[in-house]
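Visitor: The lines below spell out each chain.
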Amino acid sequence: MTLGNGLRFVVRAPSRPGQLPLERRRASGVDFDTDFARRDPARVVRAMLLDGVVLPGVRAVTRPKLIGGEHLDALEEPVVFVANHQSHLDTPLVLSVLPPRVRHRTVVGAGADYFFDRPAKAVASALVLGAIPIERQRASRRSAELAERLVREGWNLLLFPEGGRTPDGLPQGPKAGAAQVASRTGRPVIPLFVDGTWEILGKGQRRLRPGTTTVVVGEPLWARAGERPGAFTERIAASLAVLGREAATDFWEARRSADPFVPASRSWIELWRRSAHRHEEQAARRWPRPFGSRANVEDDER
Amino acid sequence: MAYRPGFVLEVDRATPPTLFWYGEGFRLERLPRGSRIVYPPDPLPALRDPRAAIREALANPIDSEPLEALLFPGMRLTIAFDDVSLPLPPMAAPDVRSLVIEEVLELAAAKGVEDVQLIAALALHRRMTEAELRHALGRRVYDALAPRGMVRQHDAEDKANMVVVGYTDEGELVELNRRAVESDLLVYVNINLVSMDGGHKSVATGLASYDSIRHHHNVQTMVHSRSFMDRHNSQLHSSNWRMGRLIAKSGVKIFQIETTLNTNTFPQAFRFLNRREWEWDLRDRASFVATAESLRRTPPSLAREIFHRIRSPYGLTGVAAGEVEAVHERTLERVFRQQLVEVEGQTDILTLGLPFVGPYNVNSIMNPILVYCLGLGYFFNMYRGRPLVRRGGVLIMAHPTRPEFDPAFHPSYIDFYEQVLTETTDPAVIEAKYEESFARDPWYIHLYRTQNAYHGVHPFYMWYWGAHALDHLGGVIILGGDPKAVRRLGFYAASTLDDALEIARGIVGPDPTITHLHSPPLLMADVSEGLA
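Going down the list, the protein sequences come from chains A and B. If you use the numbering used here, the first sequence corresponds to residues 1 to 302, in order. If you use the numbering used here, the second sequence corresponds to residues 1 to 532, in order.
Derived from the structure by calculation, the hints contain no laboratory data. What you are looking at is a predicted structure, and each value in this text was computed from that prediction instead of being measured. Some hints here could point you the wrong way.
What the hints assert, rightly or not - Across the chosen pairs, the derived CB separations fall in these ranges:
| hint | chain 1 | residue 1 | chain 2 | residue 2 | range |
| --- | --- | --- | --- | --- | --- |
| 1 | B | Q419 | A | F9 | 43 to 53 Å |
| 2 | B | A131 | A | P14 | 19 to 29 Å |
| 3 | B | K249 | A | R63 | 51 to 61 Å |
Said to hold, decoys possible - A few chain A residues that don't get close to chain B, going by computed Cβ distances all over 12 Å:
| hint | residue |
| --- | --- |
| 4 | G18 |
| 5 | S28 |
| 6 | A42 |
| 7 | P100 |
| 8 | V123 |
| 9 | G169 |
| 10 | I200 |
| 11 | K203 |
| 12 | A225 |
| 13 | S265 |
| 14 | I269 |
| 15 | R273 |
| 16 | R274 |
| 17 | A276 |
| 18 | H279 |
Quick reminder that beta carbons are idealized off the backbone N, C-alpha and C, glycines included.
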């Protein structure tokens, strides 16, 4: 018996038999109620945690570069942010580049089976990131309704339509949920491409490896009249593809080439090509630096 | 500063005290007047654009088609690379292996080669840790390939993935990694720090099994490798060459890429290590005193931590690619140009200082067996022609030789030290009586395959590595060594150089010639017959 358990045993009176229902039931997963996290006290706590602790830490680890920030300045809220998903760092990284006004009115769609499987995890996800549970294994009316209700109430929504972090560094086929929420609420989709977090903390990686990242923000996309969510999703993916190319090259080059968002093949060659720009000579880290990592001056003198 | 060759200095009254490596520290010793000190050449100038040199070598290989022409869609490409034992200390990023492998993968990607596998050619060494692999391969290669399971480490005990290539004329079994043998092309990426590395040894040893390696890693071969740093007089290499030719004849297509480094071994903080003592300026003298004194007051484990964080600013001096033997001859020329120093005549007493790191204790502890191997295996064999010390002469080497072991990396060394060395130190007896039981021990094999342990037989190879020196020398003295551990190795311990020389005089006679092999950096003595 640990000390904590022992104390609890002494202090807490035993419950009388027959008082509790037979099955222990706790709302978790998609049924978890996150309303508390959008009330003012929780928002104040979240703002302090995010701005004081989480985001400075994430900025230090990812050193983000923002491209297309003008689209964020001209937002007509509420909006649905749609981003590609490479790492757990994507959510705080996207939040860190949003203007504070927008950031504090943004909720994040998070996998109900992963972030809301245990009560403590669910409370932490909802409180710190403003997460809401999204069912990703099958279409769920409950999570769709929750997302739509929140957008209608004026909350911005951040969704990762790939439905999970990429297992191999390459984008996966997007699902139509985000497009559906946007078209049913009549709000615009803001596509965001996050580049570089795979190298810092990709799926399966155990250690954080600080590096640099780029977040490219695209123009708002509106659902056309009568457009089906599938077709809208394709337009979103096409826009993400352009933003991805822009992260790798430049504005002009990105619009001239035609690499799709989801590559035709999942071979290593595709990742090798797409990740080349992330390994161009970077400025050496100032500290801590192992002995000898500075280029030897005498070498050049010879 | 212009390049200067190495030379032999005769100690006179004005010669300043000489720097000796002393494990994780240094000693300044005054050698008797008339002693000789062999100083290595200055580091050769590094190539200004290593990537361009690598691309050039891949496009214009020796006795082979360009690499690009050997690649085709749908092929199986295997890229094997040297493990963590090279270079020493580890190279400041980017490691030269990562540069070469990136260029090879660029070509493979352009040609649409989907089936690529990287293999760390570690033979019976320990598996590399993730951080070590990342460092050797570079972030780009590791991040792109490792999550897909395309970076593997050779497992000599994985019988299902080994394949018998055949037997040489001398009956030596050649058993290699199946993936490497069954590939359409095997590219080997090597770092040639000393002349022992590279050539056919890369594949024939690096990707082989215990049953194959034992044909050349044995006492008989090592005693007749004079020295194993001189490939043309080394039985170790003759055996590997026979195996290599068999591998080539059996149809395994190998594209060998060998790189050579200069001897720019230590970063600016340790600048004094790269200079000759009489050229130390105020800053060098101050940093020497500060470093040596603070290290003396530092607990050994912390000093070890500090030293193992050193990353060497090595410069690439050349890269050659193509057919194994032709490439290796080119490589040897470069290595010798950097390391060879002409020395006239042998000596009665050879002194040297042993550093904190050898090939087998990267990020780990230099245990007494590795001290023995580094001194009697590596440094003693850094000669061409004849040994620096005469037959029956004495070797004095400086090292604390603490009886400390790394239980994760060197589990079998502990048992070797406790069970075998307490019985005998004779390599032939050790080989006959104990090798088999250590080599086949399932627990050591398990640790080798699943953890980061050296194979159970590895401490035996360390002992055989010094067999030629043991056979040749009249005595070995470890200066500043832990007396109990030194006696376990079968040597004498001395606390001062004067004491050591006194003991040595008892063996070689009253008026001996003394030669000191100055390290760092590395050098290889080209010893002529001389007048003596």
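Visitor: Decide, hint by hint, whether the structure agrees.
Guide: A quick look at each hint next to the structure:
no. : hint                       : verdict
1   : B:Q419 - A:F9: 43 to 53 Å  : holds (51 Å)
2   : B:A131 - A:P14: 19 to 29 Å : violated (51 Å)
3   : B:K249 - A:R63: 51 to 61 Å : holds (54 Å)
4   : G18                        : holds (52 Å)
5   : S28                        : holds (30 Å)
6   : A42                        : holds (37 Å)
7   : P100                       : holds (33 Å)
8   : V123                       : holds (32 Å)
9   : G169                       : violated (7 Å)
10  : I200                       : violated (10 Å)
11  : K203                       : violated (8 Å)
12  : A225                       : holds (43 Å)
13  : S265                       : violated (8 Å)
14  : I269                       : violated (4 Å)
15  : R273                       : violated (6 Å)
16  : R274                       : violated (9 Å)
17  : A276                       : violated (8 Å)
18  : H279                       : violated (4 Å)
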